[in-house]
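**Student:** Protein sequence lines correspond, in order, to chains A and B. Quick note on the numbering used here: the first sequence kicks off at 1 and runs consecutively. Quick note on the numbering used here: the second sequence kicks off at 1 and runs consecutively.
No lab work stands behind these hints: they were computed from the structure. From the three backbone atoms N, C-alpha and C, an ideal C-beta is built for every residue, glycine too. One or more hints might be untrue.
[To be verified] Below, a list of computed lysine to any residue pairs in the SDA-like style, where the Cα atoms sit at most 20 Å apart:
1. A:Lys33 with B:Glu266
2. B:Lys249 with A:Ala103
3. A:Lys87 with B:Leu246
4. B:Lys438 with B:Gln395
[As the list claims (entries may be wrong)] Cβ pair distances, simulated, as ranges:
5. B:Val202 with A:Gly126: 28 to 34 Å
6. B:Lys300 with A:Lys63: 38 to 44 Å
7. A:Asn130 with B:Asp316: 40 to 46 Å
8. B:Val202 with A:Asn125: 32 to 38 Å
9. A:Asp30 with B:Asp316: 43 to 49 Å
10. A:Asp30 with B:Trp235: 30 to 36 Å
11. B:Arg121 with A:Asp30: 54 to 60 Å
12. A:Lys58 with B:Arg328: 53 to 59 Å
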Amino acid sequence: MRRTQLVAVLGALFFAATVSAHHSFTATYDNDKTMTIEGTVAQFLLRNPHSFLHVNVKNKEGKEEVWNVEWAAAGQLSGAALVSSLKAGDPVVVRGNPARDPADMRLRMVSVKRTSDGASWGFGNGQTFN
Amino acid sequence: MRRLHLFVVVVLVSVAALAAQTPTGVGPGQGAPLGPMVSGPDFSGSWRPQQLVTESQTAAGDLVDFGGIPLNDAARLYALSWPASRQTVKQHQCMGYVTPYFWYAPANYRIWEERDQFTQRLTAWRFYGQIAQGDRTVYMDGRPHPPAYAPHTFAGFSTGEYEGNTLTVTTTHLKRGWIKANGVPQSDAATVVEHYIRHGDVITMLAVIDDPVYLSEPLSKASMLVRMEKDPDAWLYPCDDSEQILGRKNDTVPNHLFGQNPYAREYAGKRKLPVVAALGGVDTVYPQVIGLRDDEATVKARMMPSGPAAVSRAPDPTPNDGQIHVFRVADNVYMLAGDGANIAVQVGPQGALVVDTGAGKLSDKVIESIKTLSAKPIQFIVNTSFHADHTGGNQKVAAAGADPSVTGSFFSMQFQGAGAGATIISQLNTQVRMLANKLAAPPTDTFVEDRRRKFYNGEAVEAFPQPNAITDGDSVVHFRRADVIVAGDVFTTTQYPFIDTANGGSIQGEIQALNFILDRTVYVHDEDGGTLIIPGHGRVTDEWEVAEYRDMLVIIRDRVQALIKSGATLQQALAARPTFDYDVRYGATTGAWTTDKFVEAVYTSLKTPPKAGR
Numbered sequence: 001m002r003r004t005q006l007v008a009v010l011g012a013l014f015f016a017a018t019v020s021a022h023h024s025f026t027a028t029y030d031n032d033k034t035m036t037i038e039g040t041v042a043q044f045l046l047r048n049p050h051s052f053l054h055v056n057v058k059n060k061e062g063k064e065e066v067w068n069v070e071w072a073a074a075g076q077l078s079g080a081a082l083v084s085s086l087k088a089g090d091p092v093v094v095r096g097n098p099a100r101d102p103a104d105m106r107l108r109m110v111s112v113k114r115t116s117d118g119a120s121w122g123f124g125n126g127q128t129f130n
Numbered sequence: 001m002r003r004l005h006l007f008v009v010v011v012l013v014s015v016a017a018l019a020a021q022t023p024t025g026v027g028p029g030q031g032a033p034l035g036p037m038v039s040g041p042d043f044s045g046s047w048r049p050q051q052l053v054t055e056s057q058t059a060a061g062d063l064v065d066f067g068g069i070p071l072n073d074a075a076r077l078y079a080l081s082w083p084a085s086r087q088t089v090k091q092h093q094c095m096g097y098v099t100p101y102f103w104y105a106p107a108n109y110r111i112w113e114e115r116d117q118f119t120q121r122l123t124a125w126r127f128y129g130q131i132a133q134g135d136r137t138v139y140m141d142g143r144p145h146p147p148a149y150a151p152h153t154f155a156g157f158s159t160g161e162y163e164g165n166t167l168t169v170t171t172t173h174l175k176r177g178w179i180k181a182n183g184v185p186q187s188d189a190a191t192v193v194e195h196y197i198r199h200g201d202v203i204t205m206l207a208v209i210d211d212p213v214y215l216s217e218p219l220s221k222a223s224m225l226v227r228m229e230k231d232p233d234a235w236l237y238p239c240d241d242s243e244q245i246l247g248r249k250n251d252t253v254p255n256h257l258f259g260q261n262p263y264a265r266e267y268a269g270k271r272k273l274p275v276v277a278a279l280g281g282v283d284t285v286y287p288q289v290i291g292l293r294d295d296e297a298t299v300k301a302r303m304m305p306s307g308p309a310a311v312s313r314a315p316d317p318t319p320n321d322g323q324i325h326v327f328r329v330a331d332n333v334y335m336l337a338g339d340g341a342n343i344a345v346q347v348g349p350q351g352a353l354v355v356d357t358g359a360g361k362l363s364d365k366v367i368e369s370i371k372t373l374s375a376k377p378i379q380f381i382v383n384t385s386f387h388a389d390h391t392g393g394n395q396k397v398a399a400a401g402a403d404p405s406v407t408g409s410f411f412s413m414q415f416q417g418a419g420a421g422a423t424i425i426s427q428l429n430t431q432v433r434m435l436a437n438k439l440a441a442p443p444t445d446t447f448v449e450d451r452r453r454k455f456y457n458g459e460a461v462e463a464f465p466q467p468n469a470i471t472d473g474d475s476v477v478h479f480r481r482a483d484v485i486v487a488g489d490v491f492t493t494t495q496y497p498f499i500d501t502a503n504g505g506s507i508q509g510e511i512q513a514l515n516f517i518l519d520r521t522v523y524v525h526d527e528d529g530g531t532l533i534i535p536g537h538g539r540v541t542d543e544w545e546v547a548e549y550r551d552m553l554v555i556i557r558d559r560v561q562a563l564i565k566s567g568a569t570l571q572q573a574l575a576a577r578p579t580f581d582y583d584v585r586y587g588a589t590t591g592a593w594t595t596d597k598f599v600e601a602v603y604t605s606l607k608t609p610p611k612a613g614r
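Working from the sequences, and respecting the hints, build out all of it.
**Tutor:** Have a look at this one:
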């Protein structure tokens, strides 16, 4: 027992202190990079622990592929005008941090703008998520 | 009237929940044990976490920041193979929290006491955490922990006692969870002892994790809760999984091959730490970490399999004490453990339907046990496999289903052998292989269709063949009302799957069979409960363990496939030890099914896939 308590104390001295959420965005995304995609909404899932926006995007060869954009928890998105009116087919421009694994074709949402009416998320105060 | 209905529903749900938790020896109507009179500090209230200190104690953390954790070599490689992308797999999205990870979410906690209605004795402490809506019960009434073959949950099963002013809580029956959610696992064999000490508005907690599978020595984690003056009124955080990555095949489980984690040095590099320190292990816990060699050869060696072959360090949940142990799984479906493969029994007004009959060494006791569940005859047996540990009791158990009252009736004309005994049902290839191997009492009622169905004892019962999984004749059986799936050897909790390539088994079919099960399961809350699974061997589970097993097999398949692609022979594939991080949980070096035999089966079935079965 004394040995295991010592373990905790030594660990405390050795490592810096931070508190992180259950879902580590640092582990999932390259937060030092941002990229922009433009396409149409394939599907929007308002969910916990995080929502997802799927966007149909034409690649350089003209072939359509789906990008998977991780967004805030349902509670964090409540009240956002864009969120309540998003629907399949909406034209959008999304800016986000790319996933560390390119095969996922995944972004962490930084901002989104619907080009048909200018409705957006990610530009106002508090429109971020962890 | 509606209030009355609601009340009845609440009572029924409560009774069902209590019944599910009733330990052996406490019968219906007897209630919980009276337990001792206990008194100690009051922990009631709303609390928020205040992390004490260390990054190694926070929940998620950076990639490959394992320092200060006494993980063993298998756990390190498990963690190194884990990419954050794994969280996009459906069953990982709403994964619950095991303790002490439970206490590291940045959200609200509530603690309250449960007292016996009549004696006012303290029966339990309840811990509730907002994130994942974790709900733990710490029994203070002296009840025993459930048997080892009972299901595990993310909350586990906790009992508590006061030691002076300290509440000490012991938790078993935990699921595989996280020590740290950057890939460092806590196994389902872990026991956690927590000490709670209250000083005014602060609770200090010290948890000691004893994990024989993944830790070299016990790990202690400390944390604090600070009392909130007001109820924060923010308690819900429901989770619902979704198709996060559209179009991805269901046999995709993101993973890094051994030695190929591109982020293995990232954390150490940013913090200017020795890489060996960030890779964790017992020698990173103590001051000697400062003197560790950090050259490239040492670092690489820690990222690859090494050391002697490991065997499972998780205890076998089946007692194997010469007795048959009956466990009520759900509703009218029971598991009988103790005679080879697990036996499932469904009972009701029509009779008994038995899935598999065990090894046949304890058939008399099996029959005796079934008779305690139903006075009606055993009318049907379903075999999930031809293997002798599943069919060895066919002859005796079938004979115990003799029922002269149906002889000569339309019932006996419809089902082979009815009246003389139970009718034995299986996929055709099981019958063929039993006949070829001269095994006693082969099935007489076979099918080759994709689903054999029957409505029995007021319940839809379905048998689904799983071509080329363990053999070419396996089936899984779903009791739809009870929502229990009998998996046969497609899923066990005790060993690598016994892929019998000589009789049509394959790794591809095995993965497909597990995904077939997962396509039918539903959890109640955050990968806990709902559809329950009776494995071929081991303890009752829900979908979480099936998904974990599937993930493991996909990852091992990917590694062996990569070896084959690089031109490796079987001997070279074995030497590469593609199961290294799982051997401490499932491995064997002796007995009928060793790790090497499993790897050989994976290699063989990938090199030469079986022809499509019937």
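**Student:** Does each hint fit the structure? Answer for all of them.
**Tutor:** Hints, verified against the model:
no.	hint	verdict
1	A:Lys33 with B:Glu266	16 Å, holds
2	B:Lys249 with A:Ala103	13 Å, holds
3	A:Lys87 with B:Leu246	17 Å, holds
4	B:Lys438 with B:Gln395	13 Å, holds
5	B:Val202 with A:Gly126: 28 to 34 Å	31 Å, holds
6	B:Lys300 with A:Lys63: 38 to 44 Å	40 Å, holds
7	A:Asn130 with B:Asp316: 40 to 46 Å	43 Å, holds
8	B:Val202 with A:Asn125: 32 to 38 Å	34 Å, holds
9	A:Asp30 with B:Asp316: 43 to 49 Å	44 Å, holds
10	A:Asp30 with B:Trp235: 30 to 36 Å	34 Å, holds
11	B:Arg121 with A:Asp30: 54 to 60 Å	56 Å, holds
12	A:Lys58 with B:Arg328: 53 to 59 Å	56 Å, holds
Checked against the numbered hints listed earlier, the structure breaks none of them; every hint is satisfied.
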